[in-house]
Amino acid sequence: MPCIERPDDFESRRAHLRALSDEELHARFWQLAQEIVGPLIEEARTHTTPSIERSVLLRMGFSSTEAKALVGRMHEQRLLGHGAGRLVLELAQRQGISVRDAGVALLQGRFWEELGR
Amino acid sequence: MKLSPDEKLDLREVLADLDRYRPRRKGWTWRKTIANHRVGAFVLADTSENLVRSVPLPAAQSFGGVDPQCDVVLTTEIASGRFEDDLRRMRMAAWHGADHIMVIRTTGQSHIDGLIEGTPEGVGGIPITRKQLRATRKALDAIEDEVGRPINFHSYVSGVAGPEIAVLFAEEGVNGAHQDPQYNALYRGINMHRSFVDAAEAKRIMADAGILQLDGAHNANATAKEAWKVTPELFVQHAINTAYSRAVGMPAELIALSTVPPTAPPAPKLRLDLPYAVALREVFHGYRFRAQQNTRYIEADMMEATVTHVLDTLISRLAGADIQSTITPDEGRNCPWHYNNVAGVNAARQTLMSADGLMELIALRTAGPLRERVRELQERAVLFLEEIVASGGYYAAVAAGHFVDSGLFPERNGDGIVRDPSAGDGAGTVIPRAADYGAPVCSHFGDNVYARPDAKACEAYGGCTLCDPSKIQYIDEVDPSDNVDQRLALPLAERAAGVLRPEVEKHGDGIVCVTVFVPASPRVAEAAALEMARRMGLRNPEVISRRLMHPAEGSVFEIKGVLDVTIRIDDLPLPVREDPLPEAEIEAWVRAREIHIVAATVGEDEHSVGLHEILDIKHGGIEKYGFHCHDLGTSVPIERLLDEAERLGARAVLISTIVTHAQVHEASMRRLDALARQRGMRPRLVLVAGGTQVNAELAAACGMDTGFGRGTTGRGVASFLVRALRAIEDT
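Protein sequences, first through last, are from chains P and F. Note that the first sequence ends on residue 117 in my numbering; no numbers are left out. Note that the second sequence ends on residue 731 in my numbering; no numbers are left out.
Incorrect hints may have been included.
Said to hold, decoys possible - These stretches of chain F come out as covered by chain P in the derived footprint (C-beta under 8 Å, 3 or more residues):
| no. | region |
| --- | --- |
| 1 | 156 to 163 |
| 2 | 239 to 250 |
| 3 | 382 to 388 |
| 4 | 484 to 490 |
| 5 | 523 to 533 |
If you are wondering where the hints come from, they were derived from the structure by calculation, not from laboratory data. Glycine included, C-beta positions come from ideal geometry on N, C-alpha and C.
Generate coordinates for the entire structure from the input sequences, incorporating the hints supplied.
Below you can see the structure in the form of structure tokens.
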């Protein structure tokens, strides 16, 4: 899409703003800003990314290298939509082991067939 | 870890036991402001608590050595590529009033999909890693104890690993961070969906850790060709990041706008920049303001840069700011040198202290051009937002090149930055959350089966690292050759051996800077200046600043080069400094005797200020100890001085040679000594010279008993006289 070029038409374009008080103008500013970020926030609320999932595993007590390896493989197996943290926690609960042991087992190649079921 | 002001930072101690180091607090700290604060002779309006240890502004020596601290946080940005060298720079900056240390990341870290570990060397900044953060936080904890004020540590939560870096910062006690997904999208070529989805998580983590967020809008100033025309868009960039942060749950007090006065002289800076600053603060009332200084237009001339930065800081006083950031005056010509971080901080605090209480004296006008311009900018910003909505939202607007166009909106020049929402680094990595999506951790944003109002999401397994830091996994080093231990081997060996080399950035870099004026046309003068630097022994000399004085009469150059010398501290001829005698001891000895002293300013010199200060009781001079001083005035011939000394039976003669040319001061000293010898007076007469060009060694070489230069006090002179006269009495 080509970028638009146009002269400064501020005087005509501002006609509808002229009558607003400063407070009304500021309120309009913030109402527009919220309108613009609304869909962006909705996308964030309903989506995740490999970095978010790695950050979850970091918080669950895994190192950066462990988190990277785990999330990388979960991404390949299209499992991240369930949440890396949930996958590890549920594995730990099913196996009766700690979250950390569950992650280490996955890093050793075990239990992958069970994930996401 | 405890620092001693007389000892260098012990880097080995900093690096010891980092696996167990925990930050002692989280979150941002503002200065404790004090209204009507009495500091020395002054009652100040816009100050905060004094420091326990600091280096005052140079002029403070004439104001009782006071070092009042302004009310706003002062930032310095530090990045040499080696954090171990940066720590020493941070300590120096803290002593000059910096309490916000911003660490720049190495080139390219934005594009690394994950965290870096260890302590590899960086380029134009440092790789942000857990070990490096811990070492820096540990050093800053010790430095803040040394100066007596909390220091905010700051870096960047941007790139494709934002959420992970935010976790790292929350865990390691980082206090402030840049976070703005627009920056990723516009300037880093990172996929915009990825940037915004990551940003929500990162902002949630920062908010819970109390980390102050700075946005990235100021980058448009640094990028746009005519930065003042991008101002309507800056409102929009600030608004998108602010509204997005609020929607994520970040409180207003943790949201700071990063804003820069967009112009520099010869543009009518205040007339353009002040209305913009006022307009922004009105629309964003309730949020914090981080006032940055202008980098867009600074060139190699450090004086010019400093003047622009002083004006930027004045705008902060006029419009208000919570954080005053500083740019080193040499940023236009090289990576900042450490003493220029100090210079930048000093320019800001000097300006802020000079403008203390300014807004009690003046007010910005509520009618006229200022108000008209403020309103116009705010309307242009609203029109910009309207066009984003009309064009289908944020992503569509970026794709259509709405941002960083060089026109003053609604003017459009068709040269904005265009990014494809489906492309860029990390494209295709945004994944829909399934209905059973879960993240069993604290500080998580968005749909999550573990989110409950009554319990922590991490309860099922005993707590996440934000609740139980003992679960944090610490990685020390990953690269056996590129790490801090390898880099420190030589510097620490040199330090232990007492070896010194000059430096500006990294240990022992050997870089020095010389100023050379050459009276010739620019091309010839520059070649000559470089040759002169080579003959001074500088390796790889390079002109870093050239200023034309006149096309034919000459130019002045600053040249950097490597001075490849090492100095052994043990070999230095350090002058022996005698401590001044106690005041009571001086007075008791002097008052017991009737001691007459003859003094004058000699040579063709009408300046006598320095001598007054040494003699006059009002200036703390030697009269107060009971010396009978006879000041014969200015331009006094040597013969007359000795005539008076003979007549009065004076036991000492003081001469002052303040402004000299053609070595007149040396000739005066030699003549005083020679004449006193001719007349047979010399063995019983103490001869002392003073002046800006004089020091003890020079005076002794010219036949004086001693000499005094800058910074001399009456007590110092009196101590010398008592010791010298005692010695004469003892012989």
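Earlier hints that do not hold, by number: 4, 5
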